[in-house]
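> All chains, please: the whole structure from these sequences, using the hints.
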Amino acid sequence: MQTGQVVSIHISPAAHSPMVSVEEVRAVPGKGLEGDRYHEGMGTWSDHPGGGREITLIEIEAIEALGRDYGIALDPGDARRNVVTRGVALNHLIGKDLRIGEVVVRAIRLCDPCRHLEKLSRPRVRAGLVHRGGLRTEIVTGGMLRAGDPIEILG
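Under my numbering, the first residue of the sequence shown is numbered 1, with each subsequent residue one higher.
The hints are simulated quantities; they were obtained by calculation from the structure and are not laboratory data. It cannot be assumed that every hint is accurate.
Claimed, not checked - Label pairs and their in silico Cβ distance ranges:
{"#": "1", "residue 1": "GLY155", "residue 2": "PRO29", "range": "29 to 37 Å"}
{"#": "2", "residue 1": "GLY51", "residue 2": "ARG146", "range": "22 to 30 Å"}
{"#": "3", "residue 1": "GLU102", "residue 2": "GLY35", "range": "16 to 24 Å"}
Said to hold, decoys possible - Capping the alpha-carbon separation at 20 Å, the derived lysine to aspartate or glutamate pairs in EDC-like fashion look like this:
{"#": "4", "residue 1": "LYS96", "residue 2": "GLU152"}
{"#": "5", "residue 1": "LYS31", "residue 2": "GLU138"}
{"#": "6", "residue 1": "LYS96", "residue 2": "ASP112"}
{"#": "7", "residue 1": "LYS96", "residue 2": "GLU138"}
{"#": "8", "residue 1": "LYS31", "residue 2": "ASP97"}
{"#": "9", "residue 1": "LYS31", "residue 2": "ASP75"}
Note that the structure is a prediction, hence the values are computed from the model and not measured. Note that the Cβ used here is the ideal one computed from N, Cα and C, for glycine as well.
Here it is in structure tokens:
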């Protein structure tokens, strides 16, 4: 049962580097997305405790609401999340597994917006994405992740 879809995929080679949109990327359990800062242990929060930094997700609906409700236009990659989704409510998935194309991830915790995100993107983004900042996941089954992949909640 498809519940959503991958709109776009974004990676960044280093903590403060711009996000780069890619059509596909390999997801590696215990590491993250090949070419991304967290895969290489070079993300801003790599040295901080807490899991769920392997793949981050955000709803395109949240980005669209940011523009509509706050007048802040944000390109999907500027949200600094790896996967932009459509048609799946991410906040309700903590503890659940999701199949994204051939990759299975486990939802670990919410990805609340922080000052660092605001510093790298736009003023007021943090306030506009409160409770809509996305989801942090860990990779259960690796493989290729592609733009357009279906997203299915497994339970």
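> State the violated hints by number, sorted upward, taking the hints as numbered earlier in the document.
Those not satisfied are hints 1, 9.
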